[in-house]
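Novice: So you can see what is in the structure, the chains are spelled out below.
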Amino acid sequence: MSDAIPPNSVGWVTPRYAQFDEPLALESGRELPGYTLAYETYGTLNAQASNAILVCHALSGNHHAAGFHADDAKKPGWWDACIGPGKPLDTNRFFVVCSNNLGGCHGSTGPISENPETGELYGADFPMVTVKDWVQTQARLADHLGIERWAAVAGGSLGGMQALQWAIDAPERIGHAIVIAAAAKLSAQNIAFNEVARQAIRSDPDFNDGRYHRAGATPRTGLMLARMLGHITYLSEAAMGEKFGRERRSEQSDYGFDYNVEFEVESYLRHQGQSFVDRFDANTYLLMTKALDYFDPAAATGGDLAAALANVRSPFLVTSFTSDWRFPPAASHEIVRALLDTNKRVNYAEIRANHGHDAFLMPVPRYLEIFSTYMQRVADEVGV
Amino acid sequence: MTTLRPDLQMVADWVGKKQRVLDLGCGDGSLLRYLFDSRQATGYGLEIDPAGITQSVANGINVIESDLDEGLSDFDDDAFDQVIMTQTLQAVQRPDQLLREMLRVGRTGIVTFPNFAYYRLRYHIAVRGRMPMSEALSYAWYETPNIHFCTIRDFEALCAELGIHILERRVLSHDLKRPPLRGFLPNLFGEIALYRICRA
Numbered sequence: 000m001s002d003a004i005p006p007n008s009v010g011w012v013t014p015r016y017a018q019f020d021e022p023l024a025l026e027s028g029r030e031l032p033g034y035t036l037a038y039e040t041y042g043t044l045n046a047q048a049s050n051a052i053l054v055c056h057a058l059s060g061n062h063h064a065a066g067f068h069a070d071d072a073k074k075p076g077w078w079d080a081c082i083g084p085g086k087p088l089d090t091n092r093f094f095v096v097c098s099n100n101l102g103g104c105h106g107s108t109g110p111i112s113e114n115p116e117t118g119e120l121y122g123a124d125f126p127m128v129t130v131k132d133w134v135q136t137q138a139r140l141a142d143h144l145g146i147e148r149w150a151a152v153a154g155g156s157l158g159g160m161q162a163l164q165w166a167i168d169a170p171e172r173i174g175h176a177i178v179i180a181a182a183a184k185l186s187a188q189n190i191a192f193n194e195v196a197r198q199a200i201r202s203d204p205d206f207n208d209g210r211y212h213r214a215g216a217t218p219r220t221g222l223m224l225a226r227m228l229g230h231i232t233y234l235s236e237a238a239m240g241e242k243f244g245r246e247r248r249s250e251q252s253d254y255g256f257d258y259n260v261e262f263e264v265e266s267y268l269r270h271q272g273q274s275f276v277d278r279f280d281a282n283t284y285l286l287m288t289k290a291l292d293y294f295d296p297a298a299a300t301g302g303d304l305a306a307a308l309a310n311v312r313s314p315f316l317v318t319s320f321t322s323d324w325r326f327p328p329a330a331s332h333e334i335v336r337a338l339l340d341t342n343k344r345v346n347y348a349e350i351r352a353n354h355g356h357d358a359f360l361m362p363v364p365r366y367l368e369i370f371s372t373y374m375q376r377v378a379d380e381v382g383v
Numbered sequence: 000m001t002t003l004r005p006d007l008q009m010v011a012d013w014v015g016k017k018q019r020v021l022d023l024g025c026g027d028g029s030l031l032r033y034l035f036d037s038r039q040a041t042g043y044g045l046e047i048d049p050a051g052i053t054q055s056v057a058n059g060i061n062v063i064e065s066d067l068d069e070g071l072s073d074f075d076d077d078a079f080d081q082v083i084m085t086q087t088l089q090a091v092q093r094p095d096q097l098l099r100e101m102l103r104v105g106r107t108g109i110v111t112f113p114n115f116a117y118y119r120l121r122y123h124i125a126v127r128g129r130m131p132m133s134e135a136l137s138y139a140w141y142e143t144p145n146i147h148f149c150t151i152r153d154f155e156a157l158c159a160e161l162g163i164h165i166l167e168r169r170v171l172s173h174d175l176k177r178p179p180l181r182g183f184l185p186n187l188f189g190e191i192a193l194y195r196i197c198r199a
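The listed protein sequences derive, respectively, from chains H and A. Quick note: the first sequence uses numbering that gives the first Met the number 0, first residue 0, plus one each step. Quick note: the second sequence uses numbering that gives the first Met the number 0, first residue 0, plus one each step.
If we strip away everything but chain H, and leave its shape as in the complex, we get (with noise of 0.2 Å):
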């Protein structure tokens, strides 16, 4: 129902499907024939095609960033809090472009697309994918959509990430880098939950060495257990205690003496975890956990972010989280301290949130505030 639409909601959205038959060489050597980017749209491209903003995905998330699709009206995209009529990426100004990112399983090329040289799914002879390899496709992107020039890049997360390969790989087409709660990259601790995640997919017992599908079996288990560890790690400890403490789900006040669900938060979690399982592949989350861990810009530079960033043309807006312990705010404190060794304009705030990682989702209002009149300045810029 249409009426039931917030008035600052971009409203009713539908994918569309860019096909790309260049080949696209990976960062790991290998090469895909062509490939197809599912990518959304919201608000109008000018005459000058100057008011264009890229906004990149995380782990899990997908091209469908804003508003609602048909069939899931109560379920707005996953950046609704920022994206529509009057939010920091007003649509009313600007044109917002989000794709999903090669290797996905939401409508771009990825395991679950079919192999041409095969005719079967590519499942785990998907190549893997790196940032790199991603900025390198949003670019085809950008120039079928007639856009030679985003005003600005903007992501949280992986999604940062992405934001911060742009400002490096391609510095003349890109007016902003804006970079949430994101990091140059992952520390030992993270490749080690992501490692824990692939751990549980891969010795699933239905994970067939990725190639489920020909066995017309999922690992479900594995992928659930991998979602469950991921949102441990985006919520706080005090965001949990909060939403959950030690509430139990039945009225008794005796315990059940068993391993059935019991705790609110064990409800929470297998709800997540299989829910999750309905609507992503497993391979893709394999895929996408290695493209995080890969990420280093610094890599290329002997270790010297700041002499990675030397090309860099674009103002930053970089952002973190208090109570983000996934991607913490010293995390964006290396990038900012390397920009400023690099004498780049840079502007940084650390939003006070206790909801952890997640908190880049959400409607923190100083969060909003600061990210809007970041674009409030991008839009006199670029005179929208």
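One should not assume that every hint holds.
A short list of chain A residues far from chain H (calculated; beta carbon distances all over 12 Å) [said to hold, decoys possible]: (1) Ala-11; (2) Ser-37; (3) Val-126; (4) Leu-157; (5) Arg-168; (6) Asp-174; (7) Arg-181.
Here are the simulated PhoX-like pairs of lysine-lysine, each with C-alpha atoms no more than 25 Å apart in a straight line [to be verified]: (8) H:Lys-343 x A:Lys-17; (9) H:Lys-343 x A:Lys-16; (10) H:Lys-184 x H:Lys-289; (11) H:Lys-242 x H:Lys-73.
Label-pair distances were calculated between CB atoms; the ranges are [as the list claims (entries may be wrong)]: (12) H:Ala-329 x A:Arg-168: 33 to 43 Å; (13) A:Pro-5 x H:Pro-84: 39 to 49 Å; (14) H:Glu-147 x A:Gly-182: 54 to 64 Å; (15) A:His-164 x H:Asn-7: 53 to 63 Å; (16) H:Ala-46 x A:Arg-93: 51 to 61 Å; (17) H:Gln-198 x A:Asp-66: 35 to 45 Å; (18) A:Ala-50 x H:Gly-382: 24 to 34 Å.
Hints are computed from structural coordinates only; laboratory data are not their basis. It should be emphasised that the depicted structure is a prediction, and the values quoted were computed from it without experimental measurement. Cβ atoms here follow ideal geometry from the backbone N, Cα and C, with glycine treated the same way.
Add chain A to chain H, keeping to what the hints say.
Specialist: For chain A alone, kept in the frame of chain H given last:
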């Protein structure tokens, strides 16, 4: 171009063209904005107050959320031509350490602070027996962020102790006006003190 508060204007007048500037406690960023526009300055503002940070972003300067009590370890030695600290010295944990840090990352520094020996403040304590409040010190004692008050004499003694050379001193009197009697008895008639300093 907006007009600056008179004390900030005096600070701005000390900044040459195209200098690299670091503003410690940049507030709403208006001083840096002015320096960017009128002096083609470049650089950064450090601020801890969320409202100041947002206004600084709106002013289009480069603002970094920072706690000055944690030092200036983000910056290399001699990274700036000019490090500015207006009305912030009295609000930090260790003014002495921050002064040292200022002149590590900058060749010269500009410091302004409310002079606690200003005659109206002396009156508050000496006659009324109350902690002073004034235009420049507008907080009650229990809520003030200003934790290290000093006088013009105190500051100059500290500079001597730290081996800091005072290049120039100016004072402003009540309502940020020029001091009476051509700056006679600055420690009595100066409400705001402004210094240009460098390493000795």
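Novice: Are the hints correct? Go through all of them and say.
Specialist: Against the structure, the hints:
Against chain H, the non-interface label of Ala-11 of chain A holds: every CB pair exceeds 12 Å, the least being about 21 Å. The non-interface label for Ser-37 of chain A is consistent with chain H: the shortest C-beta to C-beta separation is roughly 19 Å, beyond 12 Å. With a least beta-carbon separation of about 43 Å from chain H, Val-126 of chain A lies farther than 12 Å from that chain, consistent with its non-interface assignment. For Leu-157 of chain A, the condition that its CB be more than 12 Å from all CB atoms of chain H holds, with the nearest at approximately 28 Å.
Listed as outside the interface, Arg-168 of chain A is consistent with that label: its C-beta sits roughly 31 Å from the nearest C-beta of chain H, beyond the 12 Å cut-off. Once the 12 Å rule is applied to beta carbons, Asp-174 of chain A is consistent with being away from chain H; the minimum gap is 32 Å. Once the 12 Å rule is applied to beta carbons, Arg-181 of chain A is consistent with being away from chain H; the minimum gap is 42 Å. This hinted pair checks out: Lys-343 of chain H and Lys-17 of chain A have alpha carbons roughly 16 Å apart, not beyond 25 Å.
Pair hint Lys-343 of chain H plus Lys-16 of chain A holds up; C-alpha atoms about 19 Å apart against a cutoff of 25 Å. At most 25 Å may separate the alpha-carbon atoms for a hinted pair to count; Lys-184 of chain H and Lys-289 of chain H meet this at roughly 12 Å. Proposed proximity of Lys-242 of chain H and Lys-73 of chain H is supported: the alpha carbons are some 21 Å apart, at most 25 Å. One distance hint, 33 to 43 Å for the beta-carbon pair Ala-329 of chain H and Arg-168 of chain A, holds here, with the actual separation near 40 Å.
Checked against the given bound of 39 to 49 Å, the beta carbons of Pro-5 of chain A and Pro-84 of chain H, roughly 43 Å apart, stay inside it. A hinted range of 54 to 64 Å for the beta carbons of Glu-147 of chain H and Gly-182 of chain A is consistent with their spacing of about 58 Å. In this structure the hint that His-164 of chain A and Asn-7 of chain H lie 53 to 63 Å apart at CB holds, the actual value being about 57 Å. Between Ala-46 of chain H and Arg-93 of chain A the Cβ separation comes to about 56 Å, which falls inside the hinted range of 51 to 61 Å.
Distance hint for Gln-198 of chain H and Asp-66 of chain A: a CB-CB separation of about 40 Å, consistent with the stated range 35 to 45 Å. In this structure the hint that Ala-50 of chain A and Gly-382 of chain H lie 24 to 34 Å apart at CB holds, the actual value being about 28 Å.
The structure shown violates none of the earlier numbered hints.
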